[in-house]
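Asks: Okay, here's what each chain looks like letter by letter:
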Amino acid sequence: MSPLLEMRGITKRFPGVTALDRVDFELEGGEVHVLLGENGAGKSTLIKMLSGAYRPDEGEILLDGEPVRIASAADAQSLGISTIYQEFNLVPELTVAENIFLGRQPRRFGLVDRRNMRAEARELLERIRVLVEPDETVSSLGVAQRQMVEIAKALSVNARILIMDEPTASLSGEEVERLFEIVRGLKEQRVGIVFISHHLDEVTEIGDRVTVLRDGRFVDRVPATTDHAELVRMMVGRPIEDQYPRRRSESGEVLLEVKNLSREGVLEDVALSVRAGEVVGIAGIVGAGRTELARAIFGADPVDSGEVWMEGHKIERATPREAKRRGIGFITEDRQGQGIVPPLSVAENLGLASLEANTRVGLVDRRGQRRRAVEMIEDLAVRTPGPEQEIRYLSGGNQQKVVIGKWLLADSRVLIMDEPTRGVDVGAKVEIYELMNELTQSGAGILMISSDLPEVLGMADRVLVMGGGRIQGELAAGEATQEKVMALATRGTETAVG
Amino acid sequence: QRGGGGGDEGGGERIGLSISTLNNPFFVALRDGAQKAAKDEGVELLVSDAQNDASQQQDDIQNYVTQQVSAILVNPVDSEAIVPAIESANGADIPVLALDRGAEGGEVVTTIASDNVQGGQMAGEELVELVGEGGVAQLEGIPGTDPARDRGQGFEEAINAQDAVEVVASQTANFDRNQGLNVTENILQSSPDVKGIFAQNDEMALGAVQALDERAGSEVKIVGFDAVPDALQAIQDGTMNATIAQQPDQIGSLGVENAMKVIDGESVEENIPVEVKLVTKENVSEFTE
Amino acid sequence: MASLTERVNPRELLSRGGPLGGLIALCVVMTILSPYFLTFNNLFNVGTQIAVIAILAFGQTFVIVSGGIDLSVGSVLGLAGIVFGWATAVANLPLPVALLLGIGSAALAGLINGALITLGNLPPFIATLAMLSAARGLALVISGGVPLNPIPGAIRTLGSGDLFGFVPLPVILMIVMWALTVGILRSTYSGRCMYAIGGNEEASRLSGISVDRQKLLIYTLSGLFAGIAGILLSARLASAQPQSGFTFELDAIAAVVIGGASLSGGTGTASGTLIGALILGVLRNGLNLLNVSAFWQQVVIGVVIALAVMTDTLRRRRKG
Amino acid sequence: MASLTERVNPRELLSRGGPLGGLIALCVVMTILSPYFLTFNNLFNVGTQIAVIAILAFGQTFVIVSGGIDLSVGSVLGLAGIVFGWATAVANLPLPVALLLGIGSAALAGLINGALITLGNLPPFIATLAMLSAARGLALVISGGVPLNPIPGAIRTLGSGDLFGFVPLPVILMIVMWALTVGILRSTYSGRCMYAIGGNEEASRLSGISVDRQKLLIYTLSGLFAGIAGILLSARLASAQPQSGFTFELDAIAAVVIGGASLSGGTGTASGTLIGALILGVLRNGLNLLNVSAFWQQVVIGVVIALAVMTDTLRRRRKG
Ligand SMILES: Nc1ncnc2c1ncn2[C@@H]1O[C@H](COP(=O)(O)OP(=O)(O)OP(=O)(O)O)[C@@H](O)[C@H]1O
Ligand SMILES: Nc1ncnc2c1ncn2[C@@H]1O[C@H](COP(=O)(O)OP(=O)(O)OP(=O)(O)O)[C@@H](O)[C@H]1O
Ligand SMILES: [Mg+2]
Ligand SMILES: [Mg+2]
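Chains as they are written, first to last, in our numbering: chain A, 2 to 499; chain B, 403 to 691; chain C, 26 to 345; chain D, 26 to 345.
Hints may be right or wrong, so weigh each one.
For the chain D half of the interface with chain C, some residues (derived, Cβ under 8 angstroms), not all of them [to be verified]:
| id | residue |
| --- | --- |
| 1 | Thr56 |
| 2 | Ser59 |
| 3 | Pro60 |
| 4 | Phe150 |
| 5 | Leu163 |
| 6 | Leu315 |
| 7 | Val317 |
| 8 | Phe320 |
| 9 | Gln323 |
| 10 | Val328 |
Sample of chain A residues lacking proximity to chain C, with all beta carbon distances greater than 10 angstroms (derived) [unchecked claim]:
| id | residue |
| --- | --- |
| 11 | Asp22 |
| 12 | Glu99 |
| 13 | Val113 |
| 14 | Lys154 |
| 15 | Arg185 |
Partner residues are not named here, just some residues of chain B that face chain D (Cβ under 8 angstroms, in silico) [as the list claims (entries may be wrong)]:
| id | residue |
| --- | --- |
| 16 | Gly537 |
| 17 | Arg579 |
| 18 | Gln612 |
| 19 | Glu671 |
| 20 | Pro675 |
Simulated from the structure, these hints should not be mistaken for lab results.
Quick reminder that beta carbons are idealized off the backbone N, C-alpha and C, glycines included.
Using the sequences provided together with the hints, build the complete structure.
Replies: Structure follows, in structure tokens:
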């Protein structure tokens, strides 16, 4: 009997790039089939052929052995294919309920039946235990919650095939667990699931089979039980010994110092310091206020009280520009909304933070800007047809590399990284860690916010644990363990805000 | 019941005149004309100045209605906004006469205004006179507006009445000086040898003057319309050859005379055109004060 | 946010229906400054004067909520009037047919806008700018540049008559159209799609909404409303003017944006638009009553518009 | 894309500088239809006629690239002309002072727009709409509603004189302003910030760009350009008209958008804008040469604008 879904010889070209080159893929009902590959390998492009976002240049798609043509999202829906995209696809101005049922609102006498819609949404959200009100507008939600809403949206259609493109990237531990429960439930109902993630442990936990792509080509199809080293070798083409290659460098004088920073309902008397050569990790569950803290330090949000000192100077008028000039860099967690400038080229995006520094008498040193950008593209191995490519066309992970590169070019002496490796592949992660090493060795300091605990434990010299908008405790690299961190993190939750 | 009472030579009759504004010499002259005629006719003339305020004018007319005047002369601030006021007068069956500007609705016995058709014709004849023979161009006003239509019609009549001079180009410049300049420049490309230009208002004419600079008024004759100060100046300087002036005082007096006719139950024309005057270098001094 | 729950009770309005605060303040000032202002007569007068612009603006609201813009509404209004006038005054067609032709031609113009934007792949600004010019030209061609009348009495009553002897029919029509707009925006599938498309077109497409079809509908609606406004205007003037509607598009768009909608799409409400139109109307009426000189009027209008909207945005900002 | 390397050779233009294809097609058609079109004289003549709009549009390009819109440019142009006219004709101030006052007043108006948008937190559409009304009003108040002249001879030459006896000075000025705009957009810090802010304001802010300060500058620049255009216009008319510039904003914005810029910001080039202005200019000039009737002209203008831009967008789409 033929598999639920089969893709044969799929090829997709974009100007300057062949995203997919004769790729085969198949999916059985009740199976979780993992797509694995580096950033830019072609995973999202492949699944977008199924969701109706792109059409293949060559190759065919078969459902139950029958060739099908998926020309639009509507076609995909009618075929029972439901997708969670890597980039958020919610309408910020609309409510959670309406986003969930977008395009499929329940109707009575041809009119949208709000009450009914709200009820169904609440029921659904409770079933998957997401604590947001159906009437909240999405724009008021945080990344984590948005992700959960996306998941609810995808589940609201009873699909035969569910596609999840990096659904866990912006979730923290317990939420991932919740998601996996749901997935197991769906397997019971013989739903076929395509699962994309850069977390290999997730692959083993939830996956059945793994299809590996590299540079848009099919590499191999193996059982999910295959050991990580092997998977990595297939993905990257070379083995990776140490996943967290932290090289500690003796920490120097204090660079960044934050004194009793407070903001009504968000931050409570936060104090911390980052020394030269140090990586300070901040752990905590979603809603802990880590992003708010980062934004407050960088001057992006107003604070009620507190001081930020950089290299012995108090930052008076707290604005991002002042922070940048003092040598602070900020890699935001919301890449699409706050990281990249979509219509601009890769080179332009790389140059953004160093633009002012490379300006003499109002004129920008464009040649220099461009040269430095090209170098950075090589240093970070950004997959792009060229520096002129509009960044919106880069794969998620490669966009993230560009955002990091932007601050490297601004040679910041303290880097605040909010979820720096979110959506970044194993190979690139290691590259980023190596970068952190180089930075700290060259005397910079790093404040790393991450929901990926192993990452925090692996890379941080000190771990601050946040909860409920305050620092619940500090652990030295040696003593820090998952258990201790979670204990501290959850201690805050009863006082949690929002 | 009213109106029959014309027996005692109009004595005791009162006519209300609502003027759009008196900060403009044109309308001051209109009022003077009306008052003079009222004296001759021996009627009382009430005058109100709406100061270019449509709703003010509505109130003025409302007052006339409550005062039970025998007839209302209205020089609308806005031919649209005046309609309700006129209708309320109709309601009290007081006859309404429109001066200089028509009304878009309501029952108006007659509209007394400058004869733009005749003005266009005069301008045309003057241009033919000036040019003698050859091609001329016309600069049209905003398409679809009354003055544009009537002045254009008159001009064409004058041109069609003879065959020494023909219109080689007729384009709109929307009553605007800048467009008058641009369009004239363009016309000069396709017909470099135009002998004269008729502009449906002076603004466009002055634009043409700019386009032609030293050829203006000499090689290429220019006739405008409205007799605005800049144009009168241009005529004195000889860069424009003629323009058309209206006669507000006549509009005023004719207004009163016809109001009396209506009160006495006589019928009057639906439209009463008022003579316009040709301004040339010879008589320009009469118009500049 | 506005899209979420557009109720019509004042408190809601204050928070989402645009600068009601500004409008109230404006009215209070006018009442103090002029004895004529706060009279039934004058208020209905204002209502009658804004009716045409308000109806145009309701149609425009659909477009702006969906992230587009329709510059052609003024000309399309003129075209509808002329086609209607031609049908009654020249071709002597029965009234219903004439109405159908007038409003139909406007809707068709809107449909063409939509087609240029979806099939022709033109930016809305360009497509509707082209229509602005073309529709005006057609109105002139059809009418030969002359006003067409008489307009049938039945229609003239629509312009000048009133209900219960004191509520002007134009105001009634405006209120009906307002209710219709509220309904469409809040409760119809297409209405919801407008907010979705305006908020995130790609997400809407990926959620299975056929964006192109919706856009065709949206611009057709805008044309339709412009057509109705055109009939109303020629009813008030008792004549169809080839030039009528000139520069109305600016007033219509202004009403929508003053009403709290964002030109980047996704927000906007019918009530906000109505308030925007009222602010413009009250302002002009008031300045007439106070008989401010024509020159200063424009200065004041500018200043007041800025202030009125600021009351709104500043409050929003304070709310964080 | 456009923002990164705006070269000026035709192939580049074809791909980024807006609908050069449409312009060329238009010119070919005109050349076939009218023997007078393709003459040095007429081409310079077109150049002279678009100079004012083009300069306005260059200023508008800054605003639109940064994701805003400036409706006030037309009125501000008028204001600058009147202030200048008043300074020379009424106050008899020396020419340099008069120029400073005229252009300065326009720049100030722009600065106020910027302040309303940044500090006042108003949508650009509202802020500049308010200025549209206020600036026009001020021009009328200052001039008392009458044209102010004479304009000093030196300036009049700027309007009517030419270089080497055949290149009209307005064209020279336009080219200078074009070069200036190219330079600002391509090579200055603020220029690059315009693209960044238009592309993603929040990301720009979080990259250490002080968005507010840049916006102040952007709108001031737009005002400044409008001021220069105003002087040029009064130079051409040898008189300062309180009404001049009425509805120019539409032409200016149209030129920018026809030139390939998106009203949602982040894209647009000086050359594209120039092409946009040329399309409008050639179109009007050609219709005059062909002596098309006033009514049909508007229809044709609409159709051609749509076609011209379609050639561009369709080609882009074909390229995927
Ligand atoms: N619309 C597009 N235009 C041009 N190039 C594109 C487009 N979409 C994707 N690409 C290119 O296709 C390749 C594959 O992209 P894709 O998003 O599928 O990678 P991915 O496997 O999802 O990577 P990641 O793990 O970072 O999400 C990349 O090189 C990307 O630059
Ligand atoms: N429980 C919650 N209630 C309300 N908002 C929340 C909650 N959790 C997260 N958010 C929102 O999600 C965003 C990120 O979460 P926040 O910064 O508060 O904590 P965090 O630890 O940074 O979370 P994250 O792990 O997503 O970075 C913020 O904008 C916050 O408003
Ligand atoms: Mg991807
Ligand atoms: Mg966070």
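Asks: Give a verdict on every hint.
Replies: Verification of the supplied hints:
Because the closest C-beta pair between Thr56 of chain D and chain C is about 23 angstroms apart, greater than 8 angstroms, the hint is violated. Given the 8 angstroms rule on beta carbons, the hint for Ser59 of chain D is violated: about 20 angstroms separates it from the nearest Cβ of chain C. Evaluation of the Pro60 of chain D hint against chain C yields a violated restraint, the C-beta minimum of about 26 angstroms exceeding 8 angstroms. Hint status for Phe150 of chain D: holds, given a least beta-carbon distance of 5 angstroms to chain C, under 8 angstroms.
Annotation: interface hint on Leu163 of chain D holds; nearest CB of chain C at approximately 6 angstroms, less than 8 angstroms. The interface hint given for Leu315 of chain D is violated, since its Cβ lies 15 angstroms from the closest Cβ of chain C, which is over the 8 angstroms cut-off. Among the interface hints, the one on Val317 of chain D is violated; its C-beta lies about 10 angstroms from the nearest C-beta in chain C, farther than the 8 angstroms criterion. This hint holds: Phe320 of chain D has a C-beta 4 angstroms from the nearest C-beta of chain C, less than the 8 angstroms allowed.
A least Cβ separation of about 3 angstroms between Gln323 of chain D and chain C falls short of the 8 angstroms threshold, and the interface hint therefore holds. With a cut of 8 angstroms, the hint placing Val328 of chain D at the interface with chain C holds, because the nearest CB-to-CB distance is about 6 angstroms. For Asp22 of chain A, the requirement that its beta carbon stay farther than 10 angstroms from each beta carbon of chain C is met, with the minimum near 25 angstroms. Listed as a non-interface residue, Glu99 of chain A fails to keep its Cβ farther than 10 angstroms from every Cβ of chain C; the least gap is roughly 7 angstroms.
The beta carbon of Val113 of chain A is not kept farther than 10 angstroms from every beta carbon of chain C, the shortest such distance being approximately 5 angstroms. Listed as a non-interface residue, Lys154 of chain A fails to keep its Cβ farther than 10 angstroms from every Cβ of chain C; the least gap is roughly 8 angstroms. The non-interface label for Arg185 of chain A is consistent with chain C: the shortest C-beta to C-beta separation is roughly 26 angstroms, beyond 10 angstroms. This hint is violated: Gly537 of chain B has a C-beta 12 angstroms from the nearest C-beta of chain D, more than the 8 angstroms allowed.
Annotation: interface hint on Arg579 of chain B holds; nearest CB of chain D at approximately 6 angstroms, less than 8 angstroms. Taken as an interface hint, Gln612 of chain B checks out: its beta carbon lies about 6 angstroms from the nearest beta carbon of chain D, inside 8 angstroms. Using the Cβ-Cβ criterion of 8 angstroms, the hint placing Glu671 of chain B at the interface with chain D is not satisfied: the shortest such distance is roughly 31 angstroms. Look at Pro675 of chain B: its Cβ only gets to about 25 angstroms from chain D, farther than 8 angstroms, so that hint breaks.
In summary, the structure is inconsistent with hints 1, 2, 3, 6, 7, 12, 13, 14, 16, 19, 20 from the numbered list given earlier, while agreeing with the others.
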